[in-house]
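Sequences listed follow chains S and Y, in order. The working numbering numbers the first residue of the first sequence as 13 and each following residue consecutively. The working numbering numbers the first residue of the second sequence as 10 and each following residue consecutively.
Mixed in with the good hints, there may be bad ones.
To be verified - Cβ-to-Cβ under 7 Å is the rule here; a few derived chain Y residues that face chain S:
#1 E47
#2 Q49
#3 P53
#4 T54
#5 I102
#6 A110
#7 G116
#8 E120
#9 D125
#10 Y139
#11 T143
#12 L188
#13 A309
#14 A314
#15 P327
#16 V333
In short, the hints are calculated from the structure, not lab data. Just so it is clear, CB atoms sit at the ideal spot from N, CA and C, and this is done for glycine as well.
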Amino acid sequence: MKLVSLDPRVCRMDMAEGAAPDALIQENDHWPTYEVFAQKKRGDQHQHVGIVHAPNGEMALVLAKEQFARRGMCVNLWVVRTADVVATSYEDADIFDSTPQKTHREPVDYKVKDKINRYNQSKKEKNEQ
Amino acid sequence: MYGGGYLPDDQKRHLPIAEDPDKLAAFETRIDRGDKVEPQDWMPTEYRKQLIRMIEQHAHSEIIGALPEGTWITRAPGFKRKMAIMAKVQDEIGHAQLLYAAAETLGKTREAMINDLINGKSKYSNVFNYPAETWSDIAVIGFLIDAAAIVNQTLNAKGSYGPYCRALERICYEEAFHLKQGHDAFVALATGTERSRSELQAALNRWWKPIMHFFGPSDKASVHSEKLMRWKVKMASNDDMRNQFLDMYVPRIWELDLTLPDPELRKDSDTGVWLFGDPDWNEFFEVIKGNGPCNAERLAVRRWAEEKGEWVKRALRPRNEIYVTPLA
Chain S
13 MKLVSLDPRV CRMDMAEGAA PDALIQENDH WPTYEVFAQK KRGDQHQHVG
63 IVHAPNGEMA LVLAKEQFAR RGMCVNLWVV RTADVVATSY EDADIFDSTP
113 QKTHREPVDY KVKDKINRYN QSKKEKNEQ
Chain Y
10 MYGGGYLPDD QKRHLPIAED PDKLAAFETR IDRGDKVEPQ DWMPTEYRKQ
60 LIRMIEQHAH SEIIGALPEG TWITRAPGFK RKMAIMAKVQ DEIGHAQLLY
110 AAAETLGKTR EAMINDLING KSKYSNVFNY PAETWSDIAV IGFLIDAAAI
160 VNQTLNAKGS YGPYCRALER ICYEEAFHLK QGHDAFVALA TGTERSRSEL
210 QAALNRWWKP IMHFFGPSDK ASVHSEKLMR WKVKMASNDD MRNQFLDMYV
260 PRIWELDLTL PDPELRKDSD TGVWLFGDPD WNEFFEVIKG NGPCNAERLA
310 VRRWAEEKGE WVKRALRPRN EIYVTPLA
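Full structure from sequences and hints, please.
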């Protein structure tokens with residue numbers, strides 16, 4: 013029986029009736045994934061915005077433009093095969109634990125004002141003697 | 010756009026899964042603290058399963074939701090509305106891509122999800138199984154279904170699973186335009202001629218029941234729901250979301266002197282809760298089961314697209330490529 017629809021385009025399709033087989037699509041039919049990085053404007057860092065499925069880098073860029081640069085600003089896109097990304101594991105996140113304690117790397121750890129004030133105070137006292 | 014009615018699996022068919030109590034406690038502590046869960050983290054089996062189910066239903070709803078609207082691209086009244094509906098349909102497909110990607114990080118491939126949509130194993134929102142008979146239906150969908158979806162998505166964007174939250178943030182940002190253009194089309198018809206008003210009223214009457222179904226049946230008493238809310242998979246009960254929607258949008262319908270086909274619909278002035286008549290939940294369950302007016306057509310169209318596009322995907326398919334789960 014032909015499918016009758018409100019949509020003339022649907023009526024023109026020669027459509028298969030009934031349920032689809034369990035696995036119509038084979039694994040990897042939709043291609044591997046690429047991680048997408050977008051730069052909003054010149055001078056900004058590129059930022060990870062998501063993934064696309066694509067058969068190659070060139071197509072990944074085309075699809076990334078459609079997917080992540082439809083509105084707003086974008087001047088540049090990078091795509092990287094997901095399989096090529098080397099990442100740390102969240103399980104090993106404790107390797108970063110001591111970082112906040114390394115205050116000797118922060119400007120706030122160097123307080124000179126007190127010393128200068130004490131020095132000026134003692135100089136003043138010496139002069140008054 | 011999205012099916013707000015989260016449809017849980019039949020719990021009776023599944024035995025509870027025993028989790029390592031220490032890992033579970035650590036997981037729940039992190040959720041309570043407001044930490045986001047990332048794909049590589051340990052998570053309870055039930056958490057993973059329900060998230061896949063929910064995000065997948067959401068993705069399917071975006072894809073199928075584009076079909077009734079796509080029907081009207083060729084017949085939109087005027088160039089600007091044609092451009093708007095085309096942009097909206099493209100956004101919806103983009104949203105499906107974002108959501109499939111989020112679900113993929115949980116370990117189900119996109120191929121498996123689309124197979125389950127086409128063979129009828131997965132569900133999607135009830136509302137897209139009804140036909141869009143006139144342009145007024147498109148105005149009602151663009152205004153009210155998108156509004157309902159935004160209520161749901163804004164809440165879920167504050168959930169616990171990182172990739173889903175990130176996808177929803179982008180989706181909510183784009184949906185703002187959908188709602189605005191829908192409201193614009195709705196108001197244009199409501200403030201137009203006698204004929205456009207009566208056509209809009211007829212569409213509103215047709216859609217009100219599916220809209221009341223949209224958030225799903227009451228789940229306040231469900232233990233299952235309580236656990237999903239504890240894990241921030243679900244962010245509000247179906248009733249609370251529906252109430253929030255009614256509170257925001259019924260006044261905007263009434264202010265145009267349009268009516269809603271439910272004589273019992275009113276806001277209780279003491280409790281602030283909206284009261285409504287029984288929206289016929291049997292019909293909702295029939296539509297979800299696959300017996301709605303357009304279920305067969307929606308799936309047939311989706312299957313057609315997959316079958317006709319198969320040779321392109323095959324021709325471009327890279328050799329010896331091993332699938333890797335996306336990172337985030």
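Going through the hints against the structure:
Interface restraint check: Y:E47 against chain S, minimum CB-CB distance 6 Å, threshold 7 Å, status holds. A distance limit of 7 Å between C-beta atoms decides the matter here; for Y:Q49 the minimum to chain S is near 5 Å, and the interface restraint holds. Against a cut-off of 7 Å between C-beta atoms, the interface hint on Y:P53 is violated, since the closest Cβ of chain S lies about 16 Å away. Residue-level restraint check for Y:T54 is violated (minimum Cβ-Cβ distance to chain S is 18 Å; threshold 7 Å).
With a cut of 7 Å, the hint placing Y:I102 at the interface with chain S is violated, because the nearest CB-to-CB distance is about 9 Å. Of the supplied interface hints, the one on Y:A110 holds, with its beta-carbon coming within about 5 Å of a beta-carbon of chain S, less than 7 Å. Proximity of Y:G116 to chain S is violated relative to the hint, the smallest CB-CB distance being about 13 Å (cut-off 7 Å). A distance limit of 7 Å between C-beta atoms decides the matter here; for Y:E120 the minimum to chain S is near 4 Å, and the interface restraint holds.
Evaluation of the Y:D125 hint against chain S yields a violated restraint, the C-beta minimum of about 9 Å exceeding 7 Å. The restraint placing Y:Y139 at the interface with chain S is violated, with a minimum CB-CB distance near 11 Å, outside the 7 Å limit. Interface restraint check for Y:T143: the shortest CB-CB distance to chain S comes to about 10 Å, outside 7 Å, so the restraint is violated. A hinted interface residue such as Y:L188 counts as satisfied when its beta carbon comes closer than 7 Å to some beta carbon of chain S; here the least separation is about 15 Å, so the hint is violated.
Residue-level restraint check for Y:A309 holds (minimum Cβ-Cβ distance to chain S is 5 Å; threshold 7 Å). The interface hint given for Y:A314 is violated, since its Cβ lies 9 Å from the closest Cβ of chain S, which is over the 7 Å cut-off. Look at Y:P327: its Cβ gets to within about 5 Å of chain S, closer than 7 Å, so that hint holds up. A distance limit of 7 Å between C-beta atoms decides the matter here; for Y:V333 the minimum to chain S is near 4 Å, and the interface restraint holds.
When held up to the earlier numbered hints, the structure conflicts with 3, 4, 5, 7, 9, 10, 11, 12, 14 and fits the remainder.
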